[in-house]
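There are 2 protein chains.
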Amino acid sequence: MGKLKTRDRILQTSLVLFNAKGERNVTTNHIAAELAISPGNLYYHFRNKQQIIFELYVGYEEEIKSTLQLPEGRGLTLEDKRGYLEGIFDGMWRYRFLHRDIEHMLASDPELRKRYSELARYSLQRGNAIFQGLVGAGYLKATPEEVSALSANSWIIMTSWVGFLRTLALDDADENLTSMMIKRGVYQIMTLERAFLTEFARKQVEPMMDEFFTPLPREVEV
Amino acid sequence: MGKLKTRDRILQTSLVLFNAKGERNVTTNHIAAELAISPGNLYYHFRNKQQIIFELYVGYEEEIKSTLQLPEGRGLTLEDKRGYLEGIFDGMWRYRFLHRDIEHMLASDPELRKRYSELARYSLQRGNAIFQGLVGAGYLKATPEEVSALSANSWIIMTSWVGFLRTLALDDADENLTSMMIKRGVYQIMTLERAFLTEFARKQVEPMMDEFFTPLPREVEV
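Heads up: the sequence lines are chains Z and V, in that order. Okay, so the first sequence: first residue is 12 according to our numbering, each after it adds one. Okay, so the second sequence: first residue is 12 according to our numbering, each after it adds one.
There is no bait here: all hints are sound.
Pairs count within a copy or across copies, as identical chains cannot be separated in the list.
As a list, the in silico SDA-like pairs of lysine to any residue whose alpha-carbon atoms are at most 20 Å apart:
no., residue 1, residue 2
1, K76, E232
2, K152, F207
3, K76, L179
4, K60, N36
5, K76, T178
6, K214, L87
7, K32, H110
Derived from the structure by calculation, the hints contain no laboratory data.
Using the sequences and the hints given, assemble the complete structure.
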């Protein structure tokens with residue numbers, strides 16, 4: 012029981028440090044020092060930093076997959092779509108260290124690469140199913156090719172959004188970025204599908220877009 | 012003259028190594044060894060790796076800015092748009108190490124951060140001007156708010172495209188990725204504006220999109 016708690020504390024502290032400083036700037040010694048435990052105690056629970064990253068990744072994956080469930084026995088609604096977007100951006104923010112140099116993490120760990128590659132495919136498939144569901148429910152008018160492009164563009168913007176925002180506002184504290192990041196991110200994805208909305212859907216989506224719109228740091232005016 | 016050549020060779024080799032292995036995996040010693048020069052010789056030309064990154068960044072910035080020039084004395088055409096997209100994706104590919112962990116590079120170098128922040132603003136402004144120019148020339152039908160979203164979404168996808176593609180195809184050789192990356196990237200940006208095309212423009216854009224479409228590695232079907 013004591014061991015389990017230390018293990019969870021290591022994961023929790025690693026996540027905080029990785030997010031704050033970037034994973035490349037944090038060693039297992041930093042993590043142990045922050046927790047006031049010995050490096051030996053940390054190595055009792057995790058072989059190396061790579062294993063900590065992997066365990067954190069599993070938490071991220073669970074969060075994304077549990078968000079992307081389709082409703083059973085009924086059609087999709089715009090409220091579902093809103094829930095998907097908020098859930099995904101929340102996950103992207105909570106595990107924001109992961110997408111900073113994911114290429115490096117994937118190149119360093121073949122097992123992680125396999126899992127991530129499956130998650131990317133899963134997310135793109137779910138994205139397709141969600142957009143197709145909105146077409147079926149009469150909210151969107153789009154061909155399969157357009158659905159596929161919407162789904163890929165959404166995934167790219169969702170996984171890149173934290174990075175984009177932080178390059179614009181590197182000096183701002185994380186507290187300031189959190190809600191702005193999630194709100195404007197949801198708005199940004201909604202702009203992708205706006206042109207495909209049916210007249211019926213537009214009336215419901217436009218107030219939602221107003222609600223989520225928040226200016227970016229140093230926003231560029233047209 | 013001899014000194015200038017060594018300096019250029021250092022930059023060239025650094026770019027190749029950074030792109031191939033990721034900047035974080037390459038030290039100035041690796042660069043010197045690859046060139047068969049002494050570390051002291053390298054330090055004669057560059058104080059540290061950060062200065063090499065900065066000089067390479069300046070080359071990238073020049074490439075992006077020179078691509079984003081607006082034509083003088085005439086309106087924009089779809090061929091201009093094609094030129095912008097091919098030029099940008101080409102630059103993103105040639106300096107692909109830059110966007111891998113740009114947050115780290117910006118946090119390590121205040122001067123680079125300032126330059127990059129200005130480039131991002133410049134690119135978003137030019138993006139707005141280009142999309143607005145296409146509206147003015149009758150190719151697109153979009154409100155200023157839609158132009159602004161198109162421009163931000165384009166910039167995010169352009170700067171994230173190499174990373175997205177490499178996480179899908181980490182095992183593929185760079186040679187295989189190069190042209191696919193540029194072609195499909197151009198297509199992907201075109202999908203953003205497709206829904207805003209006027210009837211007149213659609214006839215010209217659709218064959219262009221067919222020309223640029225190329226399947227992604229392990230593409231997910233709708």
